[in-house]
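There are 2 protein chains.
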Amino acid sequence: MSELRGACILGQSGGPTAVINASAAGVFQEALKQDCITAVYGAAHGIQGILNEVFYDIGKEDPYELELLKTTPSSMIGSVRYKLKDPDEDDTDYKKLLDVFRKYNIRYFFYNGGNDSMDTCNKISKYMQKAGYECRIMGVPKTIDNDLWGTDHCPGFGSAAKYIASTTMEIFLDVRAYDTQMVTILEIMGRNAGWLTASAALASAKGYGPDLIYLPELTFDIDRFLDEVISVYNKKKNIIVAVSEGVKDKDGRYIYEYGPALTKHKDSFGHVQLGGLAATLAGIVKEKTGAKVRGIEFSLLQRCAAHLASKTDVDEAYLAGQAAVQHAVQGITDKMVAFERAEGSEYKCNIKLVNLTDVANVEKKVPREWINKEGNGVTEDFIKYALPLIQGESRPPFENGLPRFARLKKVLATK
Amino acid sequence: MSELRGACILGQSGGPTAVINASAAGVFQEALKQDCITAVYGAAHGIQGILNEVFYDIGKEDPYELELLKTTPSSMIGSVRYKLKDPDEDDTDYKKLLDVFRKYNIRYFFYNGGNDSMDTCNKISKYMQKAGYECRIMGVPKTIDNDLWGTDHCPGFGSAAKYIASTTMEIFLDVRAYDTQMVTILEIMGRNAGWLTASAALASAKGYGPDLIYLPELTFDIDRFLDEVISVYNKKKNIIVAVSEGVKDKDGRYIYEYGPALTKHKDSFGHVQLGGLAATLAGIVKEKTGAKVRGIEFSLLQRCAAHLASKTDVDEAYLAGQAAVQHAVQGITDKMVAFERAEGSEYKCNIKLVNLTDVANVEKKVPREWINKEGNGVTEDFIKYALPLIQGESRPPFENGLPRFARLKKVLATK
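So the sequences go chain by chain: V and S. For the record, in the first sequence the residue sitting at position 402 is 402 according to my numbering, with numbers rising by one throughout. For the record, in the second sequence the residue sitting at position 215 is 215 according to my numbering, with numbers rising by one throughout.
Calculated from the structure, these hints are not laboratory results. The C-beta atom is built at its ideal place from N, Cα and C for all residues, glycine as well. No incorrect hints appear here.
Every beta carbon over 10 Å from chain V, so not counted as near; a handful from chain S, in silico: (1) 38; (2) 64; (3) 66; (4) 218; (5) 227; (6) 231; (7) 239; (8) 253; (9) 343; (10) 358; (11) 365; (12) 381.
Below, computed lysine-lysine pairings styled on DSSO-like, alpha-carbon distance capped at 30 Å: (13) 409/V - 292/S; (14) 60/V - 415/V; (15) 236/V - 60/S; (16) 236/V - 410/S; (17) 126/V - 85/V; (18) 83/V - 286/S; (19) 352/V - 126/V; (20) 237/V - 410/S; (21) 130/S - 95/S; (22) 126/V - 364/V; (23) 248/S - 286/V; (24) 236/V - 83/S; (25) 237/V - 85/S; (26) 410/V - 311/V; (27) 236/S - 83/V; (28) 237/V - 248/V; (29) 237/S - 409/V; (30) 409/S - 311/S; (31) 288/V - 237/V; (32) 236/S - 60/V.
Isolated chain V, as found in the complex (with noise of 0.2 Å):
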């Protein structure tokens, strides 16, 4: 093991979840704790942070409040979405990079996201490789979607399952409150992968739990949507339906533009911004069976929340972070930290470490046998995978009646 001395630098990028900031502590806690360490740098807003220069020194902030990160959710430093261009075309961004990583004698990169952070940091991994520059490049997994290759699961979706497993048994007994007919339709995270649509089955184990849920793994075929919803109602008068944000007829067609479509914004990944699918099924729903109908759409609340997370999550998280720099140290490079589950009925997840050109752009899916054979519902296999992962609670402690999240100095860092 040769010894790099040098800065370390974490960048968060893509969406925010409960736990990225616990993998930001992670990587804080042990790279301050590391001799070889000699500076702790997070980039605000990830890769742009660092073309633009604006990082933070975080060996200036409170080490109680570098604690408060473990509760605290969304992207504290700061995310991004931005799509670095094929080096081989324009490198301008790459050469930028280069430069600051020198200015700032910047030796060990770590970023947190998902497949397209691990495209991102693939490509910068490869690029100072190329470019002769030493430097420990290491991707950290998150996002509540659960859809990156090569890991058991990701950190962030614990949490969100948890969140919405828990949530979806107060709205089934909110909406038995009445003796009376009623549709609820839940609209659920997951543009192309239903991870988090089928936690909600969670809940159907416990007994409160949506009578039918459709995932984008599959085609959405709106009248078979329509005739099962009603097959179901006619039975049980009153149902939950959770749907998939993300669910295509097969066209590929998204069903919410089947409504009206307020925002359809596209991010810089090119994604469309979804939205309004449940008002949309709502509507529909209404239309044909005259049914009392409701729409939920859990928004960013199933991402954020922070004070319903799961501690086997946030522990997995922080681990993920620690892990990252634990190796880095040790000499590793252009890899992703994975978790690989321990064989046994007792969970246990081990770290393993993942090729980071393995891991970008690809998506993992709900495999086709752990959804139901009629591809409404899923399968106890489903169940027995996630149901480890929302184990045991978190939440921020609470100050005054209200939650007491991080509060950083974000001290800019300087040569």
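Fit chain S to the supplied structure of chain V, relying on the hints for placement.
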């Protein structure tokens, strides 16, 4: 004090809250202790359950499950919205009630609900008096809307307020993850009274709150609203606006009705979208400003979030139920249990009793002087009022990663 021996019955009425079952626990546990109370019943779906003679024998329930009612949301024995006719016009229901009371020797009647429910309770109380049937009748207050007259506040409000403020703080962090400009519009419950929407300001006091707040107490002017949103947005770039679902224009028209009219959005089936106020306002703001706008409706989540309830609220809800039984046993009737805030800097609420006649159908709104001069925020007086009500954290026990709610056997009562 004359001892009155007989059965007691509790009815739950109106919209669910996180703590209506805590009041039920207070009534049930206290009633089961009282020697003069010969049976304890829970009416299935309020007054409807009594009229149909469908009620549960609470003495048959497991004491542990009754204890769990304190942290179980919604209305576990079932709620109802049933309006009793004026007995002078049609006394059919009243005669039936009297028959049922006689048949089961019901001598104690507790009704837990809001304004409408107190009207029901009042009518029954007056009818029983006129009929010469000795019966102690007590109202137990409940409503997230906090709009009951004669009480400092209502059980249910504190928990919903705590949820709204905490969740607003989480959303505040989430929408700041990216370095982008954005308007987030939160739609909060409250048709005529703005107490809940005002509660979002508790997050402002922590530095994570909305920039603008609109309550239904004041006329909503869409042009002034747009001016204010644009002005704050231009200054701050990333803003949160909290709006009460019940805001109306000067002609008394609900603003959510503007949606289809203004933007003429119809889905591909030609139906007008069912979307609520947040979606409507988001559409209008987007159209006028071109800004990225996200509408978030707290929907049912705000009223059934037992996982983030106020301990103060849960304790007081329990106390209100318990006090109703204790006072009734002591000979009191025809009253609603209410709270009176003690003088002094330390928060303390004492139980007082108010006449059902005075409470029935009266709405208590946010006083004009607690709303700022511009009509787009609240004053420090509101914060001082509301903050003590959200103190302390209550949530259900968690088992295997998910909440463990009360499971009642619901054994039907037999004569």
